[in-house]
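Each chain sits in its own coordinate frame; assemble them with the hints.
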Amino acid sequence: MSWFSDAIAWLADPAHWPGAGGIAARLGEHLEYTVLTLLIAGVIAIPLGLAIGHTGRGRAFAVPFTGALRALPTLGLVTLLALAVGIGLLGPLIALVILAIPPLLAGAYAGVEAVDPLVVDAARAAGMTEWQILARVELPLALPLLAGGLRSACLQVIATWTVAAWLPLGGLGRFLFDAIPVRDYGRMLAGSILVIVLALIADGLLALLQRTVTPAGVRASRGVPSPVPSTI
Amino acid sequence: MPALRTPPREPALPTSTRRPARRARAHVLAAAALAASVVALAGCAGSNPLAPETGGTGDGGATTDTIVVGSAAFPEAEILAYVYADGLKAAGFDVDVKPSIGARDAYIAALQDGSIDLVPEYTGNLLQYFDAQATAQSPDDVLAALQKAVPDGFEVLDPAEAQDADSYNVTKAFSQQYGVTSLADLAKVPVPISVAANPEFAERPYGIPGLKSVYGVDATLVPINDGGGPNTLAALLDGTVQLADIYSTTPSIAENDLVTLEDPEHMILAQNVIPLIATKSASDEVVKVLNAIQAKLTTAELIAMNTRSSGDEKASSQRIADDWLAANGFAG
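The listed protein sequences derive, respectively, from chains A and B. One gets this note's numbering by counting positions in the first sequence from 1 and adding 2 to each. One gets this note's numbering by counting positions in the second sequence from 1 and adding 431 to each.
Excised from the complex, chain B in its bound form (with noise of 0.2 angstroms):
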């Protein structure tokens, strides 16, 4: 009888359901002992006279000694914070790291409830997340758009030269049959173009919209959400489109003779490095060993430090973080 054979499985339901609700409340007193001991940790900062003087705006005096750099769920954002936080470390500073916190959604909350008070981010989508109807473009409109638009309480320091722009690639054939170097030659080819990017291309000014304001190309959108990653490669070097859309500082470029296009009208968002700091952590100390990396992080760095993280060497990003300080001057 199927009716009668069935019931043994069914007691197992009643244990797995109830395992993580056990597992939870774990997790609940694991967090509570882990805040406790950062309490504590951060009191014992406090105390100890060889740390510089850092935050004190003078708010009640809820301010920490210690400084806590968040990151993206990316590799580059990772590396970015590491980069920080050991330089931070390097010139003295109590410093802790939460990598790989998830989208800006997440991160940006986080340094809002004060679990986080440093993130790396990007000037252009910053400035999209603060002001979504920003037109700012170019590094210095967005700059400027963007230092007016985060909120009280935080502040942006000194972007970097280093972008990790959107930027639209195609393969070495393409560029030389149809002798196309800038988004300005697409108008002449004559085979229809599609691009693949991710989804929200369909949308951005930056975007398939704007080829067609901007440039005067009529593409359509393949949407591949793996951020310019192998699936929108495979689909570039295999033909399926014309276009990739690879952010700018993706060894993959130069691995497969992609050329990149040139934005003569400045159509792309720009996307400096900039760190994102709650002003009570900013101190002018801080504020200084921040610049002073900020001043050294160029497009090809980021690039190098990429390609350390997903080429054959497969590095952690604290490891390539704390090589590219000392490589820069900025090893404790």
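So that you can see chain A by itself, here it is in the shape it has in the complex (with noise of 0.2 angstroms):
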């Protein structure tokens, strides 16, 4: 319970906010390493599953293969990459688009591929090309599942990139690496009661944004065993 006293007046002491060390400075760089990560992820992630549902081709590869990347260890990753391209943001940044691919891309492709084909053929019969079809059909219904990815992918980046902390990086984590060897465990907790919090806010906010892209139709129809969306 000490130590929780401890975190507690760690967190509070005004002195520990400011500078470039100090709180505010490393929830900023944790916030910026990861909104970082899951742009990079998103580029490479979210076209390629959206491609993947909609053409249906590549499952069988997609799928183990985004499987095989989430078993990576990214502490082992973020060591050899730092073998390979040197001690900085790159190799820590590779290794965590690594991690925020599989969630992104899984959410992307389900989220197409759970799209009623009576929708889609529907829309293909009123005339509209391919790319219409993607655009104002299947994405806006693919949302709250891609929406449900990024979720997924924002939790672990935010929690993971407290690891690579082990190098010289900013971020929360340097709060819990540079404790640990001192065994200043009240400092240590701070830092993890920050990670936390940070998670949280991050996962409600993006909590509201999966609600909010949610088609009328479909939060309309959730839970009505009937699969004709009622807008049309």
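By construction, these hints were calculated from the structure, which means they are not laboratory data. Just so you know, nobody snuck in bad clues.
Computed spacing ranges between beta-carbons, pair by pair: (1) A:Tyr-187 / B:Asp-544: 18 to 26 angstroms; (2) B:Asn-556 / A:Pro-66: 45 to 53 angstroms; (3) B:Ala-563 / A:Gly-88: 32 to 40 angstroms; (4) B:Asn-687 / A:Ala-70: 34 to 42 angstroms; (5) A:Ala-11 / B:Asn-556: 26 to 34 angstroms; (6) B:Asn-687 / A:Trp-5: 36 to 44 angstroms; (7) A:Ala-209 / B:Gly-742: 51 to 59 angstroms; (8) A:Phe-67 / B:Gly-584: 55 to 63 angstroms; (9) B:Thr-691 / A:Val-199: 42 to 50 angstroms.
So, partial list: chain B residues that the calculated Cβ filter (under 7 angstroms) puts toward chain A: (10) Pro-630; (11) Val-653; (12) Pro-654; (13) Pro-661.
The model shown is predicted, which means the values in this text are computed figures rather than measured ones. Don't be surprised by glycine CBs; every beta carbon is placed ideally from N, CA and C.
Take a look at the structure:
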């Protein structure tokens, strides 16, 4: 219990917030790394996932491949990449992008795949091009699952950037890695609490986003067994 | 409907959360069985007429005859644990080894709850652990302070000549370009100096603060958490940093022609290898065997043993320990 009160006291100390190694700066770095990772992973995974979902091609490859990617031990990857590309942001960034790709890719292709084929056929019969079907029918209907993938990726990325402080990088992991060897458990726990709070806030915001992007028709028909969307 | 497609994934969760619980129960059972067999074995050992008398300080007969040797979770500590264990075994003691327990917090706790009796340690770090305010630096001062700081029920034996201490290393090119062979030479180096080391170097008296106060060198820390491992070495070799903290028994120092800087002011904490043992296990016979081993352990021997462990040979810790014992006349 005393560690917990130490942690709260450490967090409450205004001297720990400003400055280059302060909480505010570390939070900013952590967010910056997270956003950068999700952007890069998104640019790679989302178009790929949409393409797999729309064409149905590459599925046999994508499913086991993303599963295998999830199994890669991130700390090992960070160490290995740091040896390959040098000490800096690039190594951990690649490792974290690899971590973020599977949930985003799965969200994208599962989202498109889950769209009722009747709806897609109806759109095609109405004269829509394949691009129009993807952009106006499949993508909007896939958004809730895609946002779910983003939530899952975001949570993992926020949690795992902590590990990258194993190398000379910023972010909230600094508090953990710097405090463990000097047995400053209050600071260590405070760092963990900050990671948890950041992850919860980010997840809450993305949950809101997920609700907002869910098309009205999908929301209305949730739980109704009929596969025919009420909006057509 | 996306909402309709997701549920099939959900049922996987309950089974996968249930399984560890079942496995945990199996572990408890296995641990109980193991504990029972250890007790049974200890009983057998006690009735062995050939086994030497050990322990027995008379505190209610709570002692066992089997000496359990633990170790920290890195190869050198593991090798030393096997050196002690198999050295004692050759002298006729019943010994059990629990290698790679974890960090100091974990294996000191194991010593205190009696699940291990003996662990190879390093004087400086152990002193800092028991007394965070300790200021001793040189081998003799550290030993004297450590003997006072060790809690009741435990003791340290003789220190070995062998030291696995922090050491500041530069590349041969850097050493030649600026004429640097000692920490005292660093102040005259005209380029900014950064040091790759574990994060605690920011606060340790032999880290960044010590460079400033003892040698007048302004250095910045590049924290790398691998204890002078491959990432630290890579940062030094590719010029990201000018100095790297690498433990003195690491084979990579010689392999890469690094120059270890001298420390004329004894800023760096001494780290002689030393056995930390529960007093109830430290019978005269045990102490005699361990101190004889200690007398032969040198830094060069440790480097040689580490090279066999981390080099191409990748020999097991026990194999390395047994070969060393045989070469030094401790084999039974």
